[in-house]
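A.B. asks: The lines below spell out each chain.
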Amino acid sequence: MRKFLIQFGLFLLFALITYSVLLTIWGNALNGKYHKNLRYKQGLTGFMHSRLLEADTSTQVEVLFLGSSHTYRGFDTRIFAAAGMRSFNLGSSNQTPLQTTYLLQEYVDRFRPKLVIYEVFPENFEMDGVESAVDIISNTAHYGHVFWQALAVNHVVVYNAFLYGFMRKVFYGDLAFREAAKVGEDTYVLGAYVQKDFRAQPRYLMAETMPLDVESVKLGDKLWRLKGKQVAAFGESIELLKQKNIPVLLVQAPVSKGFFEAYKNYAYTDSLFASYGLYINFNYENLALNDSTDFYDAHHLAQSGVIKFNAALIEKIKPLGLFHFN
Amino acid sequence: MLFHTQNFAFFLTAVFLLFWFLVPKKLTAQNVLLIAASYVFYGFWDVRFLVLLCLSTLIDFFTGLQIHAASNEQNRKRWLWLSIVLNFGLLAYFKYVNFFIDNVINLLQNMGFTANLAFVNVLLPVGISFYTFHGISYVIDIYYKRIEPTRDFVAYALFVSFFPLLVAGPIERANHLLPQLKQLRKFDYSEAVLGLKQILWGLFKKMVIADNCMVLVDHAFAYHNTLPASTLAMGAIFFSFQIYGDFSGYSDIAIGTGRLFGIELLKNFSFPYFAHSIADFWKRWHISLTSWFRDYLFLPLGGSKVSTWLSMRNVLVVFLVSGFWHGASWTFVVWGLLNALFYLFYINVYTRFGMAKRVYNLVGGSRHVAWRLAIWEGVSILSTFLLMSFLWIFFRAENLGEAFSFIKHICHSSLFSNVLAEPKLNAYILPLLVFFLWVEWQGRQAQFALQYFMQAYPKPLRWGFYGMLVFLIGMYMTVETSPFIYFQF
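Just so you know, the protein sequences line up as chains A and B, in that order. Last residue of the first sequence: 575 (the numbering used here), numbering continuous. Last residue of the second sequence: 1823 (the numbering used here), numbering continuous.
To be clear, the hints were calculated from the coordinates, so they are not data collected in a lab. Wrong hints could be hidden among the right ones.
[Unchecked claim] Below 25 Å or equal to it, Euclidean Cα-Cα: the simulated DMTMM-like pairs (lysine to aspartate or glutamate) are: (1) A/K290 x B/E1814; (2) A/K471 x B/E1814; (3) A/K418 x A/D305; (4) A/K565 x A/D519; (5) A/K363 x A/E564; (6) B/K1758 x A/E380; (7) A/K478 x A/E372; (8) A/K290 x A/E355; (9) A/K290 x A/D377; (10) A/K476 x B/D1380; (11) A/K557 x A/E510; (12) A/K282 x B/E1756; (13) A/K252 x B/D1522; (14) B/K1479 x B/E1598; (15) A/K478 x B/D1380; (16) B/K1742 x B/E1756; (17) A/K476 x B/E1814; (18) A/K252 x B/E1525; (19) A/K476 x A/E510; (20) B/K1639 x B/D1614; (21) A/K478 x B/E1814; (22) B/K1617 x B/E1598; (23) A/K493 x A/D305; (24) B/K1359 x B/E1525; (25) B/K1758 x B/E1736; (26) A/K513 x A/E534; (27) A/K282 x A/D377; (28) A/K252 x B/E1598; (29) A/K557 x A/E311; (30) A/K282 x B/E1814; (31) A/K282 x B/D1552; (32) A/K567 x A/E488; (33) B/K1360 x B/E1482.
Let's have the full structure, built from the sequences with the hints guiding it.
C.D. replies: Encoded structure:
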């Protein structure tokens, strides 16, 4: 028995080495269509590489934004700067509370913000967090810390990304990668906001040839089903901010009317979010948003929508008394 | 709790360590621990069904003792029938009641009557088809005096509920498993290593081969009305690999797990897709079930030692019952019927009238004997595989309409269109299938493909190969856990 356990332990070690070597070979030598569960990619979407690089050199952030793509596409740091608030956007594509907790732990002491605006989109509470974890792992410089993030998500795709990234860093470094400031219609703005050049492909022109994804959703028959582990991670983030005496404003960003009305259990999600702190669902606010011109898809604001939304948000921040406004 | 999940890995590790460290020298304690583990394992699906498992165990243990103790033949028979009726009663209620109601309604409606029968809201307890067959074989063996009933209730309860085989077999026999459960198990290093190898190969079959084939199969069956015939044909062939990888993968994990506890379970597959004929195939596929039907249905009906017509009837009955055992649907019945017809054709026409020899002469045109045999073997294996792939269509289809529609759409000129253009045919699946078949072919003389594979090579190479299998699982496993197909039976 003793021999068996020792041999088995040695085999596990041997298998881990074999696995890592083959993963590196596969990732470098084979076309992407042959590595199904390896999705490591720097600068994949949403300028995460640039964002984390900037985060590592930024200090004196007064407002920190956290959340999904609604965050980095919805909170324009230039608008907040004009109102007298230095802000930084730590949102990322499909960021779930598991990743938000990690990012908070990583950056909150560096930034020491006066206010955290945590964008809560119920869909991100339904996800397992794989895409976002791979996004962070592929782009972070703090590699040792993301191991716990990989464990928290506990998914083979995330483990593969972690191991592959580790091998790259150990054997030939990742220093060569430079992300462009403009990719397609997206432009990276200082403070990690991403502006969509809506004018390049106006939605109202696309509508005739490309059906809105919201139109394929049968109105009013969908339910948000939040994952327990995401709600727990969300609570963990809130608790961390409480411990550090940093006020948090929970915000649900506006989505198109059609998308919003497709779900029928907002009473549940609203009451859940509200139980964690000050919460505003901007879908109930009168922002005069137009589904065709203020959104570039069913639930992402175009720049015109961002301007309206941010102005309304700043009005909500004023009464908190945290900032001196011009 | 599915075999290819983290939960099972933790569960198995815990039970293994407890078994060998906590109770290495106490037989009853070993059995009690394994029963407790088995009930926990089963309870993960639905705790309520544990009652059924206990009930089935008690019925067969008790009736087995009564049959043995009965003073005359009439009483023996009464106890036997009581056990059979109760076991099949459970099975009939939980598995077939809605099928029966549905067909009665259809029949009455076709006759012009209005039927007001309500469907019963009943869940199928996982594994019921398997553990009831354990119990039935036990009491029948006692009745025919092949075995003596055990008075060790703990050993019997473990015989019925041992967790590796509880939900999808192999269907064990009392004379094979019970004696093992009455002896203290001692740790055997080579058996444990063999067990791990078998588990690894089972995981590869399920997670890499079966689950990846499923993508194209599901697509082909769901959209068979619009897809080209070449995609449908590929879908049917992939289903052959899917069901083999799924079920034989399950069996390998079950048997390998048994080995870790010093228990040898019955072999369930013997490389069925290398069979030379349909008769050969059925000696290699789901062996524990086919041998069960042979011993408890075919032979009691007279087997093949009766007139040709009666023998043919017996074959037909066995295949029909076997089809129906798989599920409460006409697709399974037709699948069983077609298997029986092809089987009977092979036995009674193909071999009896010398057709096999004629085909052999036709395909083996070369003078060179080795080449002739190789061509003959290749043609036999390929034709058997294609026949079985065709028959699996009925097994996979949701209903008979879909099966016939699928076949109709295969018979189309687009059968020769380029299947590689199909977007659902992932680029990595064909190389993986070639690798899989190569390993299976190399290991086809063994109990399972990896048993002696690379045995002659030095340890680093062997371990490197196993490490590569682990890597292939990690790289190509389907991230959404899919249950084993046979769990539904």
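A.B. asks: For every hint, state whether the structure bears it out.
C.D. replies: Hint check:
| no. | hint | result |
| --- | --- | --- |
| 1 | A/K290 x B/E1814 | holds, 22 Å |
| 2 | A/K471 x B/E1814 | holds, 22 Å |
| 3 | A/K418 x A/D305 | holds, 18 Å |
| 4 | A/K565 x A/D519 | holds, 18 Å |
| 5 | A/K363 x A/E564 | holds, 17 Å |
| 6 | B/K1758 x A/E380 | holds, 22 Å |
| 7 | A/K478 x A/E372 | holds, 14 Å |
| 8 | A/K290 x A/E355 | holds, 21 Å |
| 9 | A/K290 x A/D377 | holds, 19 Å |
| 10 | A/K476 x B/D1380 | holds, 22 Å |
| 11 | A/K557 x A/E510 | holds, 21 Å |
| 12 | A/K282 x B/E1756 | holds, 14 Å |
| 13 | A/K252 x B/D1522 | holds, 11 Å |
| 14 | B/K1479 x B/E1598 | holds, 24 Å |
| 15 | A/K478 x B/D1380 | holds, 23 Å |
| 16 | B/K1742 x B/E1756 | holds, 20 Å |
| 17 | A/K476 x B/E1814 | holds, 16 Å |
| 18 | A/K252 x B/E1525 | holds, 13 Å |
| 19 | A/K476 x A/E510 | holds, 21 Å |
| 20 | B/K1639 x B/D1614 | holds, 20 Å |
| 21 | A/K478 x B/E1814 | holds, 18 Å |
| 22 | B/K1617 x B/E1598 | holds, 20 Å |
| 23 | A/K493 x A/D305 | holds, 20 Å |
| 24 | B/K1359 x B/E1525 | holds, 18 Å |
| 25 | B/K1758 x B/E1736 | holds, 20 Å |
| 26 | A/K513 x A/E534 | holds, 18 Å |
| 27 | A/K282 x A/D377 | holds, 23 Å |
| 28 | A/K252 x B/E1598 | holds, 22 Å |
| 29 | A/K557 x A/E311 | holds, 21 Å |
| 30 | A/K282 x B/E1814 | holds, 19 Å |
| 31 | A/K282 x B/D1552 | holds, 20 Å |
| 32 | A/K567 x A/E488 | holds, 24 Å |
| 33 | B/K1360 x B/E1482 | holds, 24 Å |
In the structure shown, no violation is registered for any of the earlier numbered hints.
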